[in-house]
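Residue numbers for the sequence shown follow our numbering, so the first one is 380 and each next one is one higher.
Worth flagging that the hints you see were computed from the coordinates, not collected in a lab.
There's no promise every hint is true.
Claimed, not checked - Under the rule of at most 27 Å between Cα atoms (straight-line distance), these lysine-lysine pairs were calculated in the DSS-like manner:
(1) LYS406 - LYS384
(2) LYS394 - LYS406
(3) LYS459 - LYS495
(4) LYS396 - LYS486
(5) LYS540 - LYS553
Claimed, not checked - Quick list of the computed label-pair ranges, beta carbon to beta carbon:
(6) PRO411 - ASP434: 46 to 56 Å
(7) ASP405 - VAL539: 43 to 53 Å
(8) SER445 - GLY485: 15 to 25 Å
(9) MET519 - ILE458: 44 to 54 Å
(10) ASP510 - LYS384: 32 to 42 Å
(11) TYR512 - SER447: 45 to 55 Å
(12) LEU444 - ASP510: 42 to 52 Å
(13) ARG565 - SER479: 22 to 32 Å
(14) ARG550 - SER427: 30 to 40 Å
(15) CYS548 - SER439: 15 to 25 Å
(16) LEU505 - LYS459: 24 to 34 Å
(17) GLU518 - CYS466: 14 to 24 Å
(18) ALA431 - GLN487: 13 to 23 Å
(19) TYR512 - SER427: 53 to 63 Å
Just so it is clear, CB atoms sit at the ideal spot from N, CA and C, and this is done for glycine as well.
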Amino acid sequence: MDLNKNGKLLCDLRKAKGLTQKQVADKLGVLPKTVSKWETGHGFPDISTLSALADIFGVSERTLLSGSLEPNSKNTGNIKRIKFYVCPSCGGFIQAVGNSQVICCGKQLEPLKAKKSDEEHVLKILEIEGDYYIEIAHEMTKEHYISFLAYVRYDRVLTVKLYPEQDCCVRFPKMYGGKFYYYCSRHGLFEYKLK
């Protein structure tokens, strides 16, 4: 660990939040000279303080330990490279473009890999009044259901959250081209490319 590098990061993060060393110290219950010591590379927060410090600065503990913010490259914001994450504990889902670190329920989530539609997860797509009306012949029980359906095009993402015991159908405005992604609580993420 390079304490000078870590200290510079702590100083930069504090200034970016518009905080003084005293304000950070007060939030952590330490002396301002302790924060100064960290920022000048003469020490580093102990493990009991690291989590609170990460929360104050809005970064991960891993970022504080690494001593650097590593921005994504400019090309990662392409919607065609969208990634979906689903928490196995609470079922919450997140979508992101770019290299993201996603944490839910205390665990880091990995992006899901989409599979092609199969016989059990077939989309029935109808065009109605300029919209796509999509049905999936899938059970919608609390144990096994379609959690969300997203329509992804090069410039936008439209997502609908579905719940158990509701009909498994969605209506999206027709946008020509793109892909549909949908997540089965038991079998994972599927994709269907429009022709």
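Hint check:
1. LYS406 - LYS384: Distance of about 23 Å is within 27 Å: holds.
2. LYS394 - LYS406: Given that 27 Å is the threshold and the Cα spacing comes to 15 Å, the pair holds.
3. LYS459 - LYS495: holds (16 Å)
4. LYS396 - LYS486: Holds, at about 26 Å.
5. LYS540 - LYS553: holds (19 Å)
6. PRO411 - ASP434: 46 to 56 Å: At 19 Å between Cβs, range violated.
7. ASP405 - VAL539: 43 to 53 Å: The hint (43 to 53 Å, Cβ to Cβ) holds, given that ASP405 and VAL539 are roughly 44 Å apart.
8. SER445 - GLY485: 15 to 25 Å: holds (20 Å)
9. MET519 - ILE458: 44 to 54 Å: violated (28 Å)
10. ASP510 - LYS384: 32 to 42 Å: violated (53 Å)
11. TYR512 - SER447: 45 to 55 Å: holds (48 Å)
12. LEU444 - ASP510: 42 to 52 Å: holds (49 Å)
13. ARG565 - SER479: 22 to 32 Å: holds (25 Å)
14. ARG550 - SER427: 30 to 40 Å: violated (51 Å)
15. CYS548 - SER439: 15 to 25 Å: At 39 Å between Cβs, range violated.
16. LEU505 - LYS459: 24 to 34 Å: The hinted range 24 to 34 Å holds for LEU505 and LYS459, with Cβ atoms some 25 Å apart.
17. GLU518 - CYS466: 14 to 24 Å: holds (22 Å)
18. ALA431 - GLN487: 13 to 23 Å: holds (19 Å)
19. TYR512 - SER427: 53 to 63 Å: holds (55 Å)
Hints 6, 9, 10, 14, 15, counting from the list given before, are not met by this structure.
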